[in-house]
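*Asks:* Sequence:
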Amino acid sequence: MNRPNRRARPRAIAASRALLAAVLASLLGTFATSSYSQVAAHQPTRWVGGWLTYWQFEQGLESIRHSPDTFQDVYFFIGQLSPSGDPMLAASKHDYRATIQQLKTQGKRSWLTVVNDVVSPAQKAILKDPHVVSRLLASHQSRQQHITHLVSLASEYGFYGIDIDYESLRHRDRNRFSLFIEELAQALQPHNIRLAVTVQPKVRDQRRNGAGVNDWQRLCRVADRLQIMLYNEHSGKTGPGPIASTAWIEKVLDHAEQKCPAEKIVPSLKVLGASWEQHKVRGITYQQAVALARQHNATVERTRDQVPHFTIAGPNATRTTYFEDGRSMANKLAMLQARGYNQVMLWRLGSYDLEINRELQTFRKVGLRGE
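Position 244 (the sequence shown) corresponds to 244 in the working numbering; numbering is contiguous.
Take the hints with a grain of salt, since some may be wrong.
As the list claims (entries may be wrong) - Below are the PhoX-like pairs computed for lysine-lysine, each with C-alpha atoms no more than 25 Å apart in a straight line:
no. : residue 1 : residue 2
1   : Lys93     : Lys104
2   : Lys259    : Lys270
3   : Lys93     : Lys202
4   : Lys202    : Lys104
5   : Lys93     : Lys128
6   : Lys237    : Lys128
7   : Lys270    : Lys237
8   : Lys251    : Lys202
9   : Lys259    : Lys280
10  : Lys237    : Lys251
11  : Lys264    : Lys104
Unchecked claim - Label-pair distances were calculated between CB atoms; the ranges are:
no. : residue 1 : residue 2 : range
12  : Gln101    : Ser67     : 16 to 24 Å
13  : Ser155    : Ala313    : 52 to 60 Å
14  : Ala247    : Glu62     : 30 to 38 Å
15  : Arg135    : Gly314    : 40 to 48 Å
16  : Arg172    : Arg302    : 37 to 45 Å
17  : Thr148    : Lys124    : 23 to 31 Å
18  : Ile126    : Glu277    : 23 to 31 Å
19  : Leu179    : Pro315    : 50 to 58 Å
20  : Glu62     : Met88     : 36 to 44 Å
It is worth saying that the hints were derived from the structure and are not from the lab. As the structure is a computational prediction, the values presented were derived from the model and not from experiment. Beta carbons: idealized from backbone N, C-alpha and C, even for Gly.
Start from the sequences, fold in the hints, and give me the full structure.
*Replies:* See below:
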């Protein structure tokens, strides 16, 4: 694959995008269809996807309605595990089947994301439980039983694909997790169901829990997409800073490209921010960050990557907030474009700066190659 110079300045790239968009807009057009086969035949040069969560379901759908041509793939973040490990859908007043069908008639592909959040009958949750996954992966028989349940659930609801998002796993399960993904990919083929694996970021191979469990090279051989979470560079462990700087993102992608074909790597960007106070960090939406800055008359500054941030000095503690908006996301998308990527995912739909949709539209239309 031929790629533009990785050192190209994002500003220069952004300037060229507008010209390219004008030339290509008449060629790309829009598409709407009722079958997934027709969707594949009329894929835009670039595609954009986003996770639709059960706790912000309506707000997420509103993000799609606001810019209906932006998103081609919608990932239903609704798959959970029972205490015994059976996959199930999050309890909701929303009609998942009707939403899937509606999106399909709009030419959009619906995926089922299953995460290792264990939810009891009393709706008490253990988030990112590694122990239940260890039990599911323990033997060929337990893996096959889990795979059968996953395929059945995805088929029943008519999902285009399955997205496995099992996080915080134990390193001893590294080989068994790869075996599970290989066996799942094989089981999905007769059903024409695609497979994505969402993984935590890393800049090198490490023999440790969490990100170290994922053998990117093995996963990429069988999965259709390796979706890398390009966020949480700064957290409660590091102190204040951007959710993801472009320099850090490039380090993660450099490592990924040593392990996987670039066309299988899907950069996944976070539109949420974070706020640090007294060694504690909490998530914050764009709307909350803007309201907080206005409430305290805080001056919003930007990093070299155009990430907005501000600090509020209180009587007992200082609060520092970093968040994302259209300008900061445009800078990240320009970097991905410079590296030759034609696909991107958002965590998550709903409660973000809607100017990001405009930047995603530009990214989607100004493409150099297809999926």
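*Asks:* All hints, please: hold or fail.
*Replies:* Hints and how they fare:
1. Lys93 / Lys104: holds, 20 Å
2. Lys259 / Lys270: Distance ~23 Å between Lys259 and Lys270 Cα, so the pair holds.
3. Lys93 / Lys202: This hinted pair is violated, its Cα atoms lying about 37 Å apart.
4. Lys202 / Lys104: violated, 34 Å
5. Lys93 / Lys128: holds, 24 Å
6. Lys237 / Lys128: holds, 18 Å
7. Lys270 / Lys237: Satisfied, since the Cα-Cα distance of roughly 18 Å is no more than 25 Å.
8. Lys251 / Lys202: At roughly 8 Å apart (the allowed maximum being 25 Å), Lys202 and Lys251 satisfy the hint.
9. Lys259 / Lys280: Violated, at roughly 35 Å.
10. Lys237 / Lys251: holds, 20 Å
11. Lys264 / Lys104: Distance ~23 Å between Lys264 and Lys104 Cα, so the pair holds.
12. Gln101 / Ser67: 16 to 24 Å: holds, 21 Å
13. Ser155 / Ala313: 52 to 60 Å: holds, 56 Å
14. Ala247 / Glu62: 30 to 38 Å: holds, 33 Å
15. Arg135 / Gly314: 40 to 48 Å: For Arg135 and Gly314 the Cβ distance comes to about 46 Å; the hint holds.
16. Arg172 / Arg302: 37 to 45 Å: holds, 44 Å
17. Thr148 / Lys124: 23 to 31 Å: holds, 27 Å
18. Ile126 / Glu277: 23 to 31 Å: Holds, at about 27 Å.
19. Leu179 / Pro315: 50 to 58 Å: holds, 56 Å
20. Glu62 / Met88: 36 to 44 Å: Cβ of Glu62 to Cβ of Met88: about 26 Å, so the range 36 to 44 Å is violated.
Hint violations for this structure: numbers 3, 4, 9 and 20, all remaining hints satisfied.
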